[in-house]
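Using the sequences plus the hints, can you model the full thing?
Below are the chains, spelled out letter by letter.
Number of protein chains: 2
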Amino acid sequence: MIVGMSRWEPNARGRLERAALELYLDRGFEQTTVAEIAGRAGVTERTFFRHFTDKREVLFSGASDLQGLLVAAVTDAPAGATPLEAVTAALDAAAAMFEERREGSRRRQAVINANPELQERELSKLAGLASAMAEALRRRGVADLPASLVAEAAVAVFKIAFEHWIDPAARKDFSQLIRDSFDELRTVTSGR
Amino acid sequence: MIVGMSRWEPNARGRLERAALELYLDRGFEQTTVAEIAGRAGVTERTFFRHFTDKREVLFSGASDLQGLLVAAVTDAPAGATPLEAVTAALDAAAAMFEERREGSRRRQAVINANPELQERELSKLAGLASAMAEALRRRGVADLPASLVAEAAVAVFKIAFEHWIDPAARKDFSQLIRDSFDELRTVTSGR
Chain A
1 MIVGMSRWEP NARGRLERAA LELYLDRGFE QTTVAEIAGR AGVTERTFFR HFTDKREVLF
61 SGASDLQGLL VAAVTDAPAG ATPLEAVTAA LDAAAAMFEE RREGSRRRQA VINANPELQE
121 RELSKLAGLA SAMAEALRRR GVADLPASLV AEAAVAVFKI AFEHWIDPAA RKDFSQLIRD
181 SFDELRTVTS GR
Chain B
1 MIVGMSRWEP NARGRLERAA LELYLDRGFE QTTVAEIAGR AGVTERTFFR HFTDKREVLF
61 SGASDLQGLL VAAVTDAPAG ATPLEAVTAA LDAAAAMFEE RREGSRRRQA VINANPELQE
121 RELSKLAGLA SAMAEALRRR GVADLPASLV AEAAVAVFKI AFEHWIDPAA RKDFSQLIRD
181 SFDELRTVTS GR
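Protein chains in written order, with the numbering used here: chain A, 1 to 192; chain B, 1 to 192.
You can trust all of the hints, since none of them are fake.
List time: in silico DSS-like cross-link candidates among lysine-lysine, alpha-carbon distance up to 27 Å: (1) 55/B - 125/A; (2) 55/A - 125/B; (3) 125/B - 125/A.
Derived by calculation from the structure, the hints in this document are not laboratory data.
Since the structure is predicted, the reported quantities are computational estimates derived from the model, not experimental observations.
Encoded structure:
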């Protein structure tokens, strides 16, 4: 609705996210205030808090989309798929979502890696992804222990493949790095 | 030294840890102040801050001991041990350390599970354990990717086995739950 749009400041959310990332990169996360982020985005502080609970959350607004995508892929995997096949399909879908965003992902990660509070929030989001995938596996009839383990393993693979992918020296694409990591995980857990 | 002991309040650290856990269980983590913890332990707030940086850290003072134990076990594993064997030895050593503390571990975990800030701090400590084990594996000559993956997998196994172990319905001991989880991880990552 046009009226709704003017009232709710269309794309304020996206502007706030970009403004926050730029300020965090320029001045550091700790030195940046919500007032400055709102100012750069051309909105009020109140608008900021309508979209985000705090200065950290603005960097993690993609987490719920990612979680939805992973859960949908696990849920929609073919009936005969093993738990490993279901989470592999989920990470493939995530990789496709990220593939075009290497530079933005790299910049965002540089901010997170510079701040322990942000690292804690990131770990919390990753733990949420693991819980959500485990739950989706249980709804497919996978028992509790294998559901938890394969979901945690998938998140470990995702995290490690992501770290390699944003390395400026990386030449492989994200989905290839995910496949390599799953292969390596299979090798190491077989005990060799 | 006797002089040093009176000055530095022998066992103030242990008293603060017990006082904090009791208060967190009775009143909740958020409602408890550092002044109350110090008061119950019979020390000043200044003494609290000589031992712990904040109210969260007092619940995690065992993390550096645990990390030291895991790293030592990885480092001291026989020269021919595979990465999986090295981290399995590390978790066995950790299980032996925890085995007698089920009730205390359960009480502490109840406090953590009730508070998102504490959950984030716990995830941060677990990530630290994974990094430290990965680093110890690299010093044994394990390549970067398998070192990271087996260390992350070991922490996932530890976390999941721990959750089962503190469940009042659990009948197995911690080391058995760790072995079961490693076996299950091997099964799920083989794709079956």
